[in-house]
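**Student:** I would like the entire structure built from these sequences, with the hints used as guidance.
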Amino acid sequence: MTDAKPFVEIRQARKCYGDLEVLKNISLKVNKGQIIAIIGPSGSGKSTLLRAINDLDPLTDGEVWLEDTQVNKKLPHKQYENHINKVRQNIGMVFQHFNLFPHLSVRENITLAPKMLKGISDAEADRLAEEQLEHVGLSDRIDYYPSQLSGGQKQRVAIARALAMQPKVMLFDEATSALDPELVEEVNLVMKRLAEEHMTMIIVTHEMAFAESVADRILFMDGGVVVEEGPPEQLFRAPKHERTKEFLAKHLRANALAPA
Amino acid sequence: MQRVAPFFLEAAWVTLELAVLSTLLGLTLGAIAASAKLYGNVVFRSIATVYVSVIRGTPCLIQLFILYFGGPQIGINLDPFSAGVIGLGINIGAYMTETIRGAIIAVDSGQMEAARTLGLSKFQAVRKVILPQAARLMVRPLGVNINAQIKATALVSAISVVDLTYTAQRYIGSTYKPFEMFILAGVLYMVIITLTGMIVSWLNKRVAIQ
Amino acid sequence: MGLDLTVVPPFAGLILQGALWTIAITASAGVLSFFGGIGFAICALYAPAIIRYPIKAFAWLFMTTPLLLQLFLIYFGLVQIGIDIPAFFAGMIGLGLHFAVYNSDIIQTGILAIDKGQHEAGRTLGLSRGQTLRKIVIPQAVRDVVPPIGNNMIALLKDSALVSVIGVVELVHASQLAISETFRPFEFYLAAAACYYVVNLLLEFTLHRIERRIALTR
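Chains as they are written, first to last, in the working numbering: chain A, -11 to 248; chain B, 13 to 222; chain C, 282 to 499.
You may find that some hints are simply not true.
Claimed, not checked - Within a straight-line C-alpha distance of at most 30 Å, the following computed DSBU-like cross-link-like pairs (lysine-lysine) qualify: (1) C:K397 - A:K66; (2) A:K106 - A:K20; (3) A:K180 - C:K337; (4) A:K106 - A:K156; (5) A:K103 - C:K416; (6) C:K416 - A:K106; (7) C:K337 - A:K66; (8) C:K416 - A:K62; (9) A:K180 - A:K20; (10) A:K74 - C:K337; (11) A:K66 - A:K103; (12) A:K62 - A:K156; (13) C:K337 - A:K156; (14) C:K397 - A:K12; (15) B:K189 - C:K337; (16) A:K62 - A:K103; (17) A:K106 - C:K397; (18) A:K74 - C:K416; (19) C:K397 - A:K156.
Said to hold, decoys possible - Derived coverage of chain C by chain B (criterion: at least 3 residues anywhere in the stretch with Cβ under 8 Å from a Cβ of chain B; other residues may be distant): (20) 405 to 413; (21) 474 to 483.
None of these hints come from the bench; they were simulated from the model.
Just so you know, these numbers come straight off a predicted model, no measurement behind them.
Cβ atoms here follow ideal geometry from the backbone N, Cα and C, with glycine treated the same way.
**Tutor:** So this is what it looks like as structure tokens:
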């Protein structure tokens, strides 16, 4: 396990917006089947890092690798477009605001990309949609439109949509931050099940308890650097770094104040 | 070209006159019908509603024809220019009714309540609180209406008002150059519309600052 | 002379035929203006400068001159340079292009208003920029702008009266034929107006139905 070839690798990532450096020389290796949770205050660069993995927010410097393919390869525009579209088919992403396609039914949301990009038949696509919806427990919503679903249901459909492309890795960008508190658990459950199935996952989250229960490794980011990383029990129970302690303490206090 | 130019300029002036006069008439009718719809009793409200619905539900060209060609049958004899101004004015008035009404409705209803709690009458509240705010919201849509109105004036050529379009048609007969004549007229329309557009956006900026 | 509406019924067939032509030209120009509007909007937003600027200039020409003049130019003017288009098609093209320009403006606004997350979701699934636009962004933008596009369709119906001046025998022209026999302009223009009013109501009703149907998918 320790010397396995990394599945996803980020090498010396730097990202600048003008003079502002939001990622400062970050490197990260993720093995197949591993689950990484990235925590940190807002503005720490954690979402930017996640969005660099599928080149949605391209890095200023550094490399992103998925297995033997460099994701952010420097290519002429046309070739790059072809390349990135292929790569992204292998990287599922789930957004904070779901980004379901409101003009398409749940079924069509899930089957759009597989039909267009993998050329599967309508019957196969239907089976795929049913299968994925069963996975997230929404079989009875297949012909609904997004506007008819709750936030939690929307997010579960968004996960099903990403999974329908059979990605090698899943990225979660604060998947439960926009949800009402009572809807968070249903989405967490789906993610936990994915974890049990050994999906490789990189999760940006505000929920420490969830991160602790699901992740193999926690990254604490602040100010564009990885301040501390380690297994959850170590990082949450015995943080070494002052900034980590501060952040966790603040978070605990906020949680204590929040209504149960 | 040089021979016909003075006639085209004169016609452009007629077009501008038509646009300005019919817009003024339309604004007046629009203000009356909008107040009738918002604050009038059942009778006035119904009349205004029918006016807006019928005028907006039928083509302006037909309205001009009924007024100019059909008018004499019921004792209304108008010269082409007056028929043009009145017909276009009645037409745009229906559209302005909705613009003005929309702007008044868009002013927060809390404003009316606030004014009434201070002891202002409904009429005073409308005049002093609602209208000044609504007027600002009206400038942009009215600008769009006026732009449309300048183009709509071309219709009066069909009731033989000597406007730009009519002039272009007339000189095609003697020059046999339809392409050039229509383009000359088109350029003059563009000049008029671009200039009015500039005036409206200047107005818009002025009211926006306050 | 007074009013005598009994002069109308003998010409009911002619007027109805005119009404059918009015519907035909409105429908065909409407379809042209809708798809033309989408095409112009895409060009105005995404095409290279060499296509974008001519399209914008063309749109500006159409927006700053009267429709009547445009119809004259297409029907009478183009003959001069050897392009002879039958009246119905000249009317359809004139009306269609004129309203395509206005629809394009609305659709552009609609496209720009689509949330960035929709583009991102499409790209993340591996769709190309073009596929994302075609399957995700534009269908949503078009749904969002149904009400203002509908208003343009209603305006188009009424402006279709103008094609009578280039000789299409639609409602206005049909009434004029009846008037030339009866010398009763008021009655026949009134009849034509009534027909427009009814067609207009039907169109408004249809648009309302469409709006309600897509409400779910927005």
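**Student:** Tell me, which hint numbers fail for this structure?
**Tutor:** 3, 10, 13, 20
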